[in-house]
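Enquirer: As numbered in this note's numbering, residues 139 to 481 make up the sequence shown, in order.
Please note that a few of the clues may not be correct.
What the hints assert, rightly or not - Each computed DSS-like pair below joins lysine-lysine, with the alpha-carbon atoms no more than 30 Å apart:
| no. | residue 1 | residue 2 |
| --- | --- | --- |
| 1 | Lys332 | Lys363 |
| 2 | Lys167 | Lys222 |
| 3 | Lys363 | Lys398 |
| 4 | Lys222 | Lys206 |
| 5 | Lys229 | Lys206 |
To be verified - The calculated label-pair distances, taken between Cβ atoms and stated as ranges, are:
| no. | residue 1 | residue 2 | range |
| --- | --- | --- | --- |
| 6 | Ser296 | Gly208 | 51 to 61 Å |
| 7 | Thr339 | Ser233 | 45 to 55 Å |
| 8 | Asp159 | Ser194 | 29 to 39 Å |
| 9 | Tyr175 | Val424 | 56 to 66 Å |
| 10 | Gln313 | Glu242 | 46 to 56 Å |
| 11 | Leu439 | Lys248 | 43 to 53 Å |
| 12 | Glu417 | Lys279 | 55 to 65 Å |
| 13 | Gly208 | Glu234 | 19 to 29 Å |
| 14 | Tyr175 | His238 | 33 to 43 Å |
| 15 | Glu242 | Ser302 | 42 to 52 Å |
| 16 | Asp437 | Leu249 | 24 to 34 Å |
| 17 | His282 | Lys352 | 20 to 30 Å |
| 18 | Val291 | Ala431 | 42 to 52 Å |
| 19 | Ser433 | Thr316 | 26 to 36 Å |
Note that these hints are calculated values from the structure, not bench results.
Every residue, glycine too, gets a C-beta built ideally from N, C-alpha and C.
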Amino acid sequence: MASGGPNLECRMYEAKYPEVDMAVMIQVKNIADMGAYVSLLEYNNIEGMILFSELSRRRIRSVNSLIKVGRIEPVMVLRVDKEKGYIDLSKRRVSEEDIHACEERYNKSKLVHSIMRHVAETMNMDLEDLYVRIGWPLYRKYKHAFEAFKIIVADPDSVLDSLSYEVKEIGPDGQEVTKIVPAVTPEVKEAFVKNIRRRMTPQPLKIRADIEMKCFQFDGVLHIKEAMRKAEAAGSDDCPVKIKLVAPPLYVLTTQTLDKEQGISTLNEAITACTEEIERHKGKLVLKEAPRAVSERDDKLLAEHMAKLRQDNEEVSGDEDSEEEEDTGMGDVDLENTTGIAD
């Protein structure tokens, strides 16, 4: 941070120290003779210590198997000496339920903190001052600022316009007076809304299924096209279904939705409709990969695979009269120019 710039270091919560019997997220910094020194990530990296006796309920054979420098994990607060700044922690006393709750809280707090820090840096403001005015009041009102931020995505006025704070000033008579002023200026509000919407607007998931489909009947290609149309018809505006050819007889069905379960269910319905239609004409559909959420990397790999297959098809001249091609009945299908079929 440049000299003279705003202070961008601050704890996540209003309390300077955690409460006893509270699970907190730590990062191991150093392992000493008596135990491990750690940083409390939610409390601006103040130091705490885990004695070796608090690492495990079982007999310790290897400390390195239980704790490592750099590891981030939840632990339980045993004692807090606010005057001396000592915090004793325990790994062995934290339950699975505590771990889950701590991880969930920390992930939310980390996102809130990232947004708060970015706004403070952008607006050249002290981060703690921003927490005092906005962050911590939202924690008090909504139990977690993350819940308030979710509302801000759609309705920022209802959350931010109600915030205010006290300012002490010297009046004309020389006496100190307290004024209530809005906590959020228009500029800060704009920065908050922009950052929150960018970071917290839900992104649609891509759901994909892989199938093999064949039909050796007369007009088998037309029957396959009709089955594909039935699959796409199973989609909706909120969850549209697309199906495209990878290489005969392999096809992929995809949809995009904010609701993963809805996407998987819709693709299953599409596969059922496709199966019923192709089997009506004595064709066959085999599910190769069940509907599941896929990443951008999966999409990229599929695109690369399809491009390679197209390239191989262009490089190898086919024999139109070969028996093998007659058997497959799918070698020359042009599905890309078919109405209603995804490109």
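Enquirer: Confirm or reject each hint.
Expert: Right, here's what the structure says about each hint:
no. : hint                          : in the structure
1   : Lys332 <-> Lys363             : 45 Å, violated
2   : Lys167 <-> Lys222             : 20 Å, holds
3   : Lys363 <-> Lys398             : 27 Å, holds
4   : Lys222 <-> Lys206             : 26 Å, holds
5   : Lys229 <-> Lys206             : 13 Å, holds
6   : Ser296 <-> Gly208: 51 to 61 Å : 42 Å, violated
7   : Thr339 <-> Ser233: 45 to 55 Å : 34 Å, violated
8   : Asp159 <-> Ser194: 29 to 39 Å : 19 Å, violated
9   : Tyr175 <-> Val424: 56 to 66 Å : 57 Å, holds
10  : Gln313 <-> Glu242: 46 to 56 Å : 48 Å, holds
11  : Leu439 <-> Lys248: 43 to 53 Å : 30 Å, violated
12  : Glu417 <-> Lys279: 55 to 65 Å : 58 Å, holds
13  : Gly208 <-> Glu234: 19 to 29 Å : 23 Å, holds
14  : Tyr175 <-> His238: 33 to 43 Å : 26 Å, violated
15  : Glu242 <-> Ser302: 42 to 52 Å : 30 Å, violated
16  : Asp437 <-> Leu249: 24 to 34 Å : 25 Å, holds
17  : His282 <-> Lys352: 20 to 30 Å : 53 Å, violated
18  : Val291 <-> Ala431: 42 to 52 Å : 22 Å, violated
19  : Ser433 <-> Thr316: 26 to 36 Å : 54 Å, violated
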